[in-house]
Each structure stands twice: as structure tokens, then as C-alpha cells.
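J.: Here is what each chain is made of, one letter per residue.
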Amino acid sequence: MTETLDLSLYARPMGDGTLGMELAVEGIACGGCIGRIERAVRSVPGVTEARLNFTSRRLHVAWSPGLAEPAAILRALEDGGYHGHPFVAMRAEQQEAAEARSLTRCLAVAGFAAMNVMLLSVSVWSGNVTDITPETRDFFHWASALIALPAAAYAGRPFFASAWRALRSRSLNMDVPISLGVILALGMSLVETANHAEHAYFDSAVMLLFFLLIGRALDHAMRRKTRAVAGNLAALKAENAHRLIGGELVSVPSAALKAGDRVLVKPGERVPADGVVVGGKSDLDESLITGETARRNVTSGATVYAGSTNYSGALTLRVTAAGGAALIDEIEKLLEKAASAKSRAMRLADRVSRVYAPVVHLTAALTLTGWLIAGASVHDAVITAIAVLIITCPCALALAIPAVQVVASGALFRANVILNAGDAIERLAEVDTVIFDKTGTLTLPEPRVTNMAALDPGLLQVAARLALSSRHPLAVALSREATTRVPFDEVVEEPGQGVRACVNGIETRLGSPQFCDVIITKISQASTICLRHGKRFEVIAISQKLRADAVEVINCLRGRGLDLRILSGDHDEAVAPVAAALAIGHWQGGLKPAEKIACIEALKAQGRRVLMVGDGLNDAPSLAAAHVSLSPISAADVTQAQADAVFLGEKLKPVLDSIVIAKRARVLMAENLWLAAIYNAVAVPIAIAGAVTPLIAALAMSGSSILVTLNAIRANGGAR
Amino acid sequence: MNVLVYLVPIALGLGLTGLFAFLWALRSGQYSDVDGSALRVLSDDDLHDGRKTKG
Numbered sequence: 001m002t003e004t005l006d007l008s009l010y011a012r013p014m015g016d017g018t019l020g021m022e023l024a025v026e027g028i029a030c031g032g033c034i035g036r037i038e039r040a041v042r043s044v045p046g047v048t049e050a051r052l053n054f055t056s057r058r059l060h061v062a063w064s065p066g067l068a069e070p071a072a073i074l075r076a077l078e079d080g081g082y083h084g085h086p087f088v089a090m091r092a093e094q095q096e097a098a099e100a101r102s103l104t105r106c107l108a109v110a111g112f113a114a115m116n117v118m119l120l121s122v123s124v125w126s127g128n129v130t131d132i133t134p135e136t137r138d139f140f141h142w143a144s145a146l147i148a149l150p151a152a153a154y155a156g157r158p159f160f161a162s163a164w165r166a167l168r169s170r171s172l173n174m175d176v177p178i179s180l181g182v183i184l185a186l187g188m189s190l191v192e193t194a195n196h197a198e199h200a201y202f203d204s205a206v207m208l209l210f211f212l213l214i215g216r217a218l219d220h221a222m223r224r225k226t227r228a229v230a231g232n233l234a235a236l237k238a239e240n241a242h243r244l245i246g247g248e249l250v251s252v253p254s255a256a257l258k259a260g261d262r263v264l265v266k267p268g269e270r271v272p273a274d275g276v277v278v279g280g281k282s283d284l285d286e287s288l289i290t291g292e293t294a295r296r297n298v299t300s301g302a303t304v305y306a307g308s309t310n311y312s313g314a315l316t317l318r319v320t321a322a323g324g325a326a327l328i329d330e331i332e333k334l335l336e337k338a339a340s341a342k343s344r345a346m347r348l349a350d351r352v353s354r355v356y357a358p359v360v361h362l363t364a365a366l367t368l369t370g371w372l373i374a375g376a377s378v379h380d381a382v383i384t385a386i387a388v389l390i391i392t393c394p395c396a397l398a399l400a401i402p403a404v405q406v407v408a409s410g411a412l413f414r415a416n417v418i419l420n421a422g423d424a425i426e427r428l429a430e431v432d433t434v435i436f437d438k439t440g441t442l443t444l445p446e447p448r449v450t451n452m453a454a455l456d457p458g459l460l461q462v463a464a465r466l467a468l469s470s471r472h473p474l475a476v477a478l479s480r481e482a483t484t485r486v487p488f489d490e491v492v493e494e495p496g497q498g499v500r501a502c503v504n505g506i507e508t509r510l511g512s513p514q515f516c517d518v519i520i521t522k523i524s525q526a527s528t529i530c531l532r533h534g535k536r537f538e539v540i541a542i543s544q545k546l547r548a549d550a551v552e553v554i555n556c557l558r559g560r561g562l563d564l565r566i567l568s569g570d571h572d573e574a575v576a577p578v579a580a581a582l583a584i585g586h587w588q589g590g591l592k593p594a595e596k597i598a599c600i601e602a603l604k605a606q607g608r609r610v611l612m613v614g615d616g617l618n619d620a621p622s623l624a625a626a627h628v629s630l631s632p633i634s635a636a637d638v639t640q641a642q643a644d645a646v647f648l649g650e651k652l653k654p655v656l657d658s659i660v661i662a663k664r665a666r667v668l669m670a671e672n673l674w675l676a677a678i679y680n681a682v683a684v685p686i687a688i689a690g691a692v693t694p695l696i697a698a699l700a701m702s703g704s705s706i707l708v709t710l711n712a713i714r715a716n717g718g719a720r
Numbered sequence: 721m722n723v724l725v726y727l728v729p730i731a732l733g734l735g736l737t738g739l740f741a742f743l744w745a746l747r748s749g750q751y752s753d754v755d756g757s758a759l760r761v762l763s764d765d766d767l768h769d770g771r772k773t774k775g
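Line by line, the protein sequences are chains C and P.
Residue 345 in this note's numbering is what sits at position 345 of the first sequence, and the numbering runs on without skipping anything.
To get this note's numbering, take the position in the second sequence, counting from 1, and add 720.
No lab work stands behind these hints: they were computed from the structure.
Please read all numbers here as calculations on a predicted model, not as lab measurements.
Some hints could be false.
Covered stretches of chain P (in silico footprint by chain C; criterion: 3 or more residues with CB under 8 Å from a CB of chain C, positions within the stretch not fixed) [said to hold, decoys possible]:
1. 729-736
2. 739-749
Over the 12 Å line for every Cβ pair with chain P, so calculated as not near, a few chain C residues [to be verified]:
3. Arg57
4. Val109
5. Ala194
6. Ala197
7. Gly260
8. Arg414
9. Ser469
10. Val491
11. Gln497
For every residue, glycine included, the Cβ atom is placed at its ideal position computed from N, Cα and C.
One chain only, chain C, in its complex shape:
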């Protein structure tokens, strides 16, 4: 039966009468791919535009409606050896792109202003110690004001807006002292310039904005980069569902399914949405939902959940909950509770600024009253108080933590960890207990051949190549061992039994023991698949396999003094061997989501900081309940959304790396805070004494900012 592909969900009108679509493209290796992909797509009749963004690996296509089919575009890509995955950019991503552009504009304006004002200021400073005339100095000051005032009004908006929001909600953040410092410095300089004074602080105000904007822009760029990668991965994971309309099959993206749709799920495919079976019977692997590796038998009337894998027969479903909203009730309830109960760990920067801002303002007020009592004029007292505000303006402090965060999240990105939550680094650093889920976390998400050593390598290759011709999950698992990805010719599939073909003139069969005429004597935990090659035969065991570096990583984690545990939804007999192999003493199997949360809550009550690593839908509530959480990229969508960070690849090492990088980053954050504190301890008495000139302010500010930034760069090392 031919099946049409309906991608109308992704097509958007482009304004000039054409339709447009974004595709995440897989398989781009080098610069030559740009031309090849664009040529291939443009050669599809009706396509008006194709442009590949090499940085984000995304292709923008536009076509005239009616003249071209989006499905033809995907086919053109496939023919070129690439895979295109249509996607709709998340709103958060679009917002961030707009925000990043506005930040870059602010940065450009601040940079321009800082350079030019500095040029004028240096002339004034050198003139003040030589022979500058008061008229020239006033001219330079007015020119500085002309540059600095509009520039600060434009480039300072991100800080002013954030400070205003904080004040309106009756709280203080770091942007309040920053905004106050900038506004007062500019105001005071203006007054002083009008009075023909020797000093003006236009340069301090603009430089402060410039330095802080650099930090913010870098932070934003890093976040956008990780988000773009996460968006592409999500598009790669999206699967198509076969919707039955009348008697016809239409392939639609799972996200387009609605409640009430009828869907066909073929063997080897994932169930695209929650639903009720209305026809057919099969075995389902629900390990992604419950962690249970034993398969469940389903027939008409059974409820099935999105994310399960269909093993043996074709099923017809009636969708009850659509793609994105698919969630088991119980998990949904637990999730809500866990997420709201999650102790709102205050971010380090906020904690510091909550203490810092009042101290600064109080110091300035005390300076003012102190000088007044000492008999200084109101003018001098106000100027000194403002100088205190400017010098304490937390340039170094405001950079101390973000700078480390930028460098550390870059290091995490290279270690294949993508951060979801901004403060995950701080929370990861505090971890003392790590709880692992078993299925899909300690083990690989897909089953693998486990008795490799006992097999004849030649026969294994024959079996693996033969397996390429079947969609059965066990065959798919076996086919991963094939070194050549070319299937044999003329392979015949016997539904429910296996595949057969003629290999080197010998009748060869792959499938159930009966089909291959093999008698299995030893019954093991693993699923088995048999190969018959003439007179020779092999019994291939396939089951969940530990991630390749699991033992090594677990030992390293233990070496770092972390308490390791396994909490699994799978039955005890399946968990015990894994726990034994990893020498983890504390393990529990057969846990329901609520019981997992109870375990975590008990640990939290002992004052422990728990890192939960899990992938199943059943883990989602525990991820929300834990202090911090990690999830492999193969995890269920809901679970991934709950995790503070997601790691890629087949190895467990990212878990170790993320803890190492986070701990190192935390140390550097503390160091940076100390550096900023020392700077203040030195600079503030000078300011209170009224001895701060603009030159001293500029040197102190840039010196301390550069110091904390250089220190932050050290967060890069140590991971590898």
C-alpha cells in the first residue's frame, strides 16, 4: 500500500504567496554539503528558495503551493544521502534570538561609546597633570556627555528594565545597584561639567555597561547554541505516525495527531500517542514508560502509552491523548506535586546581591552623613557618596558568577551535556548522592547482542546483514553489529517467524527457534534470535546491555566519595545483575514512581543533595523531586523536559564530567566572589575618604573585571 506523507503541520505562509518550512538536516559533514543540499532541493520543481544555515544545520525551504510537495523535498534530501526533519522553532528559541539581536546592538553601542569617551577621558587625565586649559577640558567633558548620555540610555535598557522589574516586585537584584550607579554617575558628571569641575565620570558609567554587556552577550550566545542543538535533536527524534483516514493510510508527524484519530502501529515502531487498542494484538516493550523490560501482551480494549515499542503484530489504536499531551494520569499528578514542592534553591548570584545591594546603599548613605557631620559642604558630601556608589558598583561582582557559568557551560557542551536550567551548574556542584535509573540510563536505551564472545564472527556478520531486512526490534538490535550496511538480495520475510535468504548458495534463516529448526536448551533472561546457515547454527542472545563505560564511570564517581544507588521500576531479578556488575550495594527494584519519590524525599530529609539520573516516563516525577537531575537524550519527552540537563551519546561519562565541571566551576565562583570582595575592601575605604578620581575608578573597575574573567576561563580545564 502506498502511503502519502502529510507535512502541512510544518508549512507556514511566507508572505509572498509561497509556503516555507524549516528542516533540521542530518548528515552534513563538510562545506561541500551546502552546495549539494541546496542544488538538490532547488532542483525539485516548484521550490523557490533553499538556504542552508551551516552553523545551525538548518535548511529553510520555500515553495509555491500546488507546484511542489514538501514530501518531494524530503525525498530529494534522502537521495543525496541526507535526512531532513521538519520542525517548528519553539517560541522560546525565537524570543531568545530576538533578545540576542537586541543585546548585540546594545553591546555595539556601548562599545562605540566606551572607546570614544575613553579617548577623550585619557586626554583630560593627561591634561590635568600637564597644561590643559579649563575651556578645553569643558569641551571634552561636554563631548563625552554628548556620547555617553544617549549611549547609556540605549545600551543600559536591559539593566534598567530588569532593575525596574525587581523593584516593582519589592526585591533587589544585581541590576538595581548597577542601574543606580550608572544613573548617578551620569547625573553627577553632568552637574560637575556644568560647574567646570576637574572630574567627570562619563567613562566609568559607559565602561561599566560595556563590560557587563559583554558578559551578558556571551552568556546568551552560549544558551542559544545549546538550545539550537536541543531543538535539532528534538526534531530528529520526532516520528511519523500512520493515520487511518477512511481506508487510506496517511503518514503524519506524531505532533499532528488529535484525540479520536485512528492510527496504525506496525511492528518495530513506537506508539505515537496514548490510546486504546481497537484492533490487532501484539507485545509491547514499555521500558521507556515503566522501566520494566518484560513485554506486555495487548489486545483489543487495552490502553497503551506513547513511547512504548510495538514488538510482534500490527495494532490499530484510537488516540485518546494527543502527541504532546500524552501522560499517564498518576505521573502527571506526581509531577505537579514534585515540581511545586521542589525547594526553590536560590541562585548564588541572587543570594549575594540580596546581601550586597543593601550594604552598598547603606555605605553610601553613611558616607554622606559622615562627611556632613564632619563639616564638609553638601556638594562635596554628595559627590563622595556617589563616588562610593560608583566604585562599589559591582562590575566584578556582576561578572564573577556569569563569567564562570559561560565557560563552564561551554565545557559541558563539549562534554556532550546540554543544560536545560540556568542554575543547574550550581546545584550539580552540591551533589553528594547519585541515584540511577537502570533501564536506558545505566544500560543502553536499545537492546544489544550480549553473548558476542560465544559467537562465530563470520556467522554473526551473516546474521546481522540478514537482520537489516527486518523491522522486528530484535532484528534491528542485531543489525547494529553489521559492518556492511548492505542487505542481502531477495530476502523473504515470513511474518511472525523470521527472514530467509540464500547466502553464498546456502539456505540461511534468521528468526524464531522453530523457524530455524534449532532447539534451545538453556533458557536465559535475554531474548533470543536464531540463525541457521546450512548445517551450522547460532543462538544469539539480545538484551539490555550496560553502557560501555558504566563500570569505569561508576568507580570514578565512587572514588570521588559520592553515595551511589539504583532505583529501578524493573523487577528485582533484572536489577540485581546490573547492581552486582557495578558493585552498587544500595539498590531497589520494582518501584512505582511514587515510591521512587519517597526514597528521594527520605534522602533529602537526611540533608543530602540528590542527583537523579533517569530516562523513563516513570522517572519524570523523581527528576523533578531531586535536587538536580540528568537525563539521556533517548529519554521520554516529558522526562527530558523535567531534567536540568540532557546528555548525548552512548556513554555514561557525561554524568561524571558534568559533576567534575560543576564542582570546579563552583570553586571558581567562590574564588571570584572573594576577588570581588577583596577589590571592594581595598577600593571602598579610598572612596569613602573622598580620594577617588575617575582614573582610579577606571583602573579599579577594568582591573577587577579582567581579573575575574581570567580566573573564570580556568573553568575550561580539568574536564578532560
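We have chain C; now place chain P onto it with these hints.
T.: Relative to chain C, chain P alone:
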């Protein structure tokens, strides 16, 4: 010192030109695909009136 009266504005004007050039480049998407632009310059697809050629 009178020379400053027109030298400073000229310097500022030059600086502003640079700033607006950057803002224009930003708006017209010159920075949206930094890696791709570096590679596109090597491709000679545009030599034949935009028509595709073999090789």
C-alpha cells in the same frame, strides 16, 4: 586648540559610520551563519548565472 572643534566631530563621525555599518550588517543577517559564509565563498555555483553545473 581650535583644531579640536572640527577634529573631534570628524572622529566621532567616523566612529558612528563604523557603528552603523555594524548595525546594518547585523540586521541584514551577515552574522546569522558565520561558519557557512566562510565555506560558501569557496563554492563557484554562482559563476554560471546561478545555473547548476556538474562537478
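J.: For each hint, tell me whether it holds in the structure or not.
T.: Evaluated hints:
1. 729-736: It holds: at least three residues are needed, and the region 729-736 of chain P offers 4 whose Cβ sits within less than 8 Å of chain C.
2. 739-749: Since 4 is at least three, the answer is holds.
3. Arg57: violated, 10 Å
4. Val109: violated, 7 Å
5. Ala194: holds, 19 Å
6. Ala197: Correct as stated: the minimum Cβ-Cβ distance to chain P is 20 Å, above 12 Å.
7. Gly260: holds, 41 Å
8. Arg414: holds, 16 Å
9. Ser469: holds, 34 Å
10. Val491: The assertion about valine 491/C holds, with a minimum of 35 Å to chain P.
11. Gln497: Non-interface label stands for glutamine 497/C: nearest chain P Cβ at 48 Å, farther than 12 Å.
When each numbered hint is compared with the structure, violations occur for hints 3, 4.
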